[in-house]
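Engineer: The chain contents come next:
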Amino acid sequence: MTMTSFSIADTLLESRFFLGTAGYPSPKVLQDAIAASGAAVITVGLKRQLTPSASGGAGTALDNSFFQMLKDSGLHLLPNTAGCKTGREAITLAQMAREVFGTHWIKLEVIGDDYTLQPDPIELIRAAEELVREGFEVFPYCTDDLVTCRRLLDVGCRLLMPWGAPIGSGQGLTNPHALRTLRARLPDVPLIVDAGIGSPMDAVQAMQMGYDAVLLNSAVSLAHDPVKMAHAFKLAIEAGRMGFEAGIMARQDMAVPSTQVTGRPFLL
Amino acid sequence: MSAIHISVNGTEHTVASACTLAQLVTRLQSEAGQPDDPTTLATALNEVFVPRAKRDTTILSEGDQVFTFSPITGG
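Chains A and B, in that order, give the protein sequences. Taking the numbering used here, I'd label the letters of the first sequence as residues 309 to 576. Taking the numbering used here, I'd label the letters of the second sequence as residues 57 to 131.
The hints are simulated quantities; they were obtained by calculation from the structure and are not laboratory data. Every residue gets a Cβ at the ideal spot worked out from N, C-alpha and C, and that includes glycine. All the given hints hold, so there is nothing to weed out.
Quick list of in silico lysine-lysine cross-link-like pairs, DSSO-like style, CA-CA up to 30 Å:
#1 B:K110 <-> A:K393
#2 A:K393 <-> A:K379
#3 A:K336 <-> A:K355
#4 A:K355 <-> B:K110
Which residues of chain B face chain A? A partial, calculated answer using Cβ under 8 Å:
#5 N65
#6 L97
#7 A98
#8 E103
#9 V104
#10 F105
#11 R108
#12 T124
#13 F125
#14 S126
#15 P127
#16 I128
#17 T129
#18 G130
#19 G131
Please put together the full structure from these sequences, using the hints given.
Structural biologist: What follows is the structure, encoded as structure tokens:
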């Protein structure tokens, strides 16, 4: 049984796993992890610097050959606006990303707090509105606040990427209630849990809630064996989704016997 | 030929007056020993994006702030 493919931003994807490319021990490990993940979408970034000449560990430049490999891989590149603190900055960075990466997809990040990397909802909505007007497909990194999410939809976002927990924290889904509420109130909007995922169990939880996809980076890149962890997440995301589609039984407060019995087996 | 002073990614540079952004990019890549490939970076002038097609007609002025952005890994 194969997992059902899904459509997002007018694009049919065969995988519900969005994988980040930062912080791997080497380009080779990153390449192998991407392959093991089966991800159809990978995130990339832009940095203020001249053309890179070398690539390597965390947050590093993509050398030309590796960058070309990514562009030729058939994977969908999702550039981010990491580090931006104003909508204006994020818009400029998005325009640059569209030119360099050749895609109108943008993971819109506008950070409002340095310690939690929590998105600034006001700047985020302003930037999203402008970028949608300029023809971008905006993937907004947002919190799990329902009303902010609605405002993002109002300005033209067609999908949302609420956080599970602060970026890179690996805390998992810290507010399952809010995420369940979002799913329930926005049943027809593609929802991707982005950030905070620490273990495959967290991905299962998100997928079982009915989230459409999961985006993560550090949980794979910081694992002792990133390639194996990428595969583990692939399986977890598939299992969680399949469980959701199959329909999870209702919880009961008391035991309900699985085996039919009539009275007591023995009368002593 | 007179010269003007600009900053590139926060570092001071002196270039010939009437230097275009395209010429600056070529020069920077050459100085860094990198291939002359204008597609590997994006440019901004005074915090405003300048598309690749407009670098040829963008003439730098005294005090301009140029930023170049290149692809990196990201989450």
